[in-house]
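2 protein chains.
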Amino acid sequence: MTDDMAESANLFPSVRIVLVETSHPGNIGAAARAMKNMGLTRLYLVSPEDFPNEKAVFRSASAVDVVERATVVSSVDEAIEGCHLVVGTSARERRIPWPLLTPKSCAEKVVSERRDDSDIAILFGRESRGLTNEELHRCQFHVNIPTGKAYSSLNLAMAVQVICYEILQAAEGEPLEPDWDMPPATTDAVEHFMTHLEETLVDVGFHDPENPRQLMTRLRRLFTRLRPDEMEINMLRGFLTAVNQRTRSD
Amino acid sequence: MTDDMAESANLFPSVRIVLVETSHPGNIGAAARAMKNMGLTRLYLVSPEDFPNEKAVFRSASAVDVVERATVVSSVDEAIEGCHLVVGTSARERRIPWPLLTPKSCAEKVVSERRDDSDIAILFGRESRGLTNEELHRCQFHVNIPTGKAYSSLNLAMAVQVICYEILQAAEGEPLEPDWDMPPATTDAVEHFMTHLEETLVDVGFHDPENPRQLMTRLRRLFTRLRPDEMEINMLRGFLTAVNQRTRSD
Numbered sequence: 035m036t037d038d039m040a041e042s043a044n045l046f047p048s049v050r051i052v053l054v055e056t057s058h059p060g061n062i063g064a065a066a067r068a069m070k071n072m073g074l075t076r077l078y079l080v081s082p083e084d085f086p087n088e089k090a091v092f093r094s095a096s097a098v099d100v101v102e103r104a105t106v107v108s109s110v111d112e113a114i115e116g117c118h119l120v121v122g123t124s125a126r127e128r129r130i131p132w133p134l135l136t137p138k139s140c141a142e143k144v145v146s147e148r149r150d151d152s153d154i155a156i157l158f159g160r161e162s163r164g165l166t167n168e169e170l171h172r173c174q175f176h177v178n179i180p181t182g183k184a185y186s187s188l189n190l191a192m193a194v195q196v197i198c199y200e201i202l203q204a205a206e207g208e209p210l211e212p213d214w215d216m217p218p219a220t221t222d223a224v225e226h227f228m229t230h231l232e233e234t235l236v237d238v239g240f241h242d243p244e245n246p247r248q249l250m251t252r253l254r255r256l257f258t259r260l261r262p263d264e265m266e267i268n269m270l271r272g273f274l275t276a277v278n279q280r281t282r283s284d
Numbered sequence: 035m036t037d038d039m040a041e042s043a044n045l046f047p048s049v050r051i052v053l054v055e056t057s058h059p060g061n062i063g064a065a066a067r068a069m070k071n072m073g074l075t076r077l078y079l080v081s082p083e084d085f086p087n088e089k090a091v092f093r094s095a096s097a098v099d100v101v102e103r104a105t106v107v108s109s110v111d112e113a114i115e116g117c118h119l120v121v122g123t124s125a126r127e128r129r130i131p132w133p134l135l136t137p138k139s140c141a142e143k144v145v146s147e148r149r150d151d152s153d154i155a156i157l158f159g160r161e162s163r164g165l166t167n168e169e170l171h172r173c174q175f176h177v178n179i180p181t182g183k184a185y186s187s188l189n190l191a192m193a194v195q196v197i198c199y200e201i202l203q204a205a206e207g208e209p210l211e212p213d214w215d216m217p218p219a220t221t222d223a224v225e226h227f228m229t230h231l232e233e234t235l236v237d238v239g240f241h242d243p244e245n246p247r248q249l250m251t252r253l254r255r256l257f258t259r260l261r262p263d264e265m266e267i268n269m270l271r272g273f274l275t276a277v278n279q280r281t282r283s284d
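These protein sequence lines are chains G and W, in that order.
Going by our numbering, the first sequence runs without a break in its numbering and finishes at 284.
Going by our numbering, the second sequence runs without a break in its numbering and finishes at 284.
Everything labelled a hint here was simulated from the structure, so no lab data went into it.
Glycine residues also receive a C-beta, built at the ideal position from the N, C-alpha and C atoms.
It is possible that part of the hints are untrue.
[Unchecked claim] Among chain W residues calculated to face chain G with C-beta under 7 Å, some are:
id : residue
1  : GLY73
2  : SER96
3  : SER162
[Unchecked claim] Within a straight-line C-alpha distance of at most 30 Å, the following computed DSS-like cross-link-like pairs (lysine-lysine) qualify:
id : chain 1 : residue 1 : chain 2 : residue 2
4  : W       : LYS89     : G       : LYS183
5  : G       : LYS138    : W       : LYS183
6  : W       : LYS89     : G       : LYS89
[What the hints assert, rightly or not] Which stretches of chain W does chain G cover? Using the computed rule of at least three CB atoms under 8 Å from a CB of chain G, they are:
id : region
7  : 58–69
8  : 180–188
9  : 192–201
10 : 264–275
Next up, chain G with everything else stripped away, as it sits in the complex (with noise of 0.2 Å):
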């Protein structure tokens, strides 16, 4: 398939479909097909186990191309750098609750916020135990498939399918356009300023990395959630900065 064919496939340009090491390649081919099917053909894959694997080819069927064309990255890092919504799929209950989706509530949120400057991906864990809550306090959202309670862990493939119906069900509804005067940060730029915070914290005295007491997953929390624009991670920046040459001085 050429590079036009497949672009015609996809409705979605800004979303990518994150994978994070993925143990069966016959899931990464079935999603692969589950995705284009819904109109979604940006597939990254974090340390996949086992690919490029023939399984993965016969599995995708007629989406062989969603599978040539994957993007194979070696950290979470890389596959949301570049993106201004990261949503994490999220089975479990967790210690510190985070703002939580349907996955119909994500899927209008990811169509109405999408963007031609930035991208927008959706995380996907390991088969045996999904995200590690490192990579799920990089999300600004989880989402959760809600399950019969005998029985909650879908398949990799099929937890992919339901999100991309549901995003291709919003689409097919009216967008929400939400309007703001400055373009949001990428996730990159907040990764930055959450590691200046934390040397601030350290600096004033306020944080001790040998005791941490959970404070840098709830300002993490409290960070991801806000969802700053350009000009407040700049201000939020610019007052550490602030900060640094006072107490530094010293």
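Assemble the complex: chain G is given as a structure, and chain W must be docked to it using the hints.
Frame of chain G, contents of chain W only:
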């Protein structure tokens, strides 16, 4: 698994999922898992090509009970006997239009028309060519899963997943409410924080009240939008106090 355990997994005891002449046993297992994930357990197989088969058991994961208790019959007539509502999945446009449902409206119908004294059947056709016209004409309604134009043929088990997902959604009704671990901060607590923040910004030389440049307005918008919880406000104020102690001791 005992009968009792299987029954407890069944939220829809009157709903039959009917797979017609399935070629690949793996799809039967994957469909069984998709069903049980969504609280459905009554699987009917019309003349499966290769069943029982180890692949069906493997792909069913923890839904092996659904596979083992499947009812195998030799005709669609037997599979829909005793049903008051029969819906057939259909990918294609048919020559004679039939009452057509979306997955969501199909699910709402299934949920609202459940009865104790008779059953509902949802039919899924062959991997290669779906249901025959004759089979589709046995159904009161057809249901079509919307897809992108480029690739419209869903894997069989994926179609089962989408339909069963919508059935559980329709039955749950209530949207998932995100649970939070801390009470929200009061508006006066946020206001005290804003005052403390402005003082600190002036202290470190980042904010000049004579030349404000929208800074405080933008920061107010930021923290209002954030809707911090009590602990977050305490952490932010703790940080400002630590900054104050370092900068005011000069």
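Verification of the supplied hints:
With a cut of 7 Å, the hint placing GLY73/W at the interface with chain G holds, because the nearest CB-to-CB distance is about 3 Å. A least Cβ separation of about 5 Å between SER96/W and chain G falls short of the 7 Å threshold, and the interface hint therefore holds. With 7 Å as the threshold, the beta carbon of SER162/W stays out of range of chain G, its nearest partner Cβ sitting at about 12 Å, so the hint is violated. Restraint check for LYS89/W and LYS183/G: satisfied, since their Cα atoms lie roughly 25 Å apart, inside the 30 Å limit.
Between LYS138/G and LYS183/W, the direct Cα distance comes to roughly 21 Å. Compliance with the 30 Å bound is thereby established for this hinted pair. The straight-line distance between the Cα atoms of LYS89/W and LYS89/G is roughly 15 Å, inside the 30 Å bound, and the hint therefore holds. With 3 residues having a beta carbon nearer than 8 Å to a beta carbon of chain G, the region 58–69 of chain W meets the requirement of three or more and the stated coverage holds. Only residues whose C-beta sits within less than 8 Å of a C-beta in chain G count toward coverage, and the region 180–188 of chain W has 9 of them, enough to reach three; the restraint holds.
Counting residues of the region 192–201 of chain W whose C-beta sits closer than 8 Å to any C-beta of chain G gives 4, which meets the bar of three, so the coverage hint holds. Here's how the region 264–275 of chain W fares: 5 of its residues keep a CB closer than 8 Å to some CB of chain G, so the rule of at least three is met and the hint holds.
Hint 3 alone, counting from the list given before, is not met by this structure.
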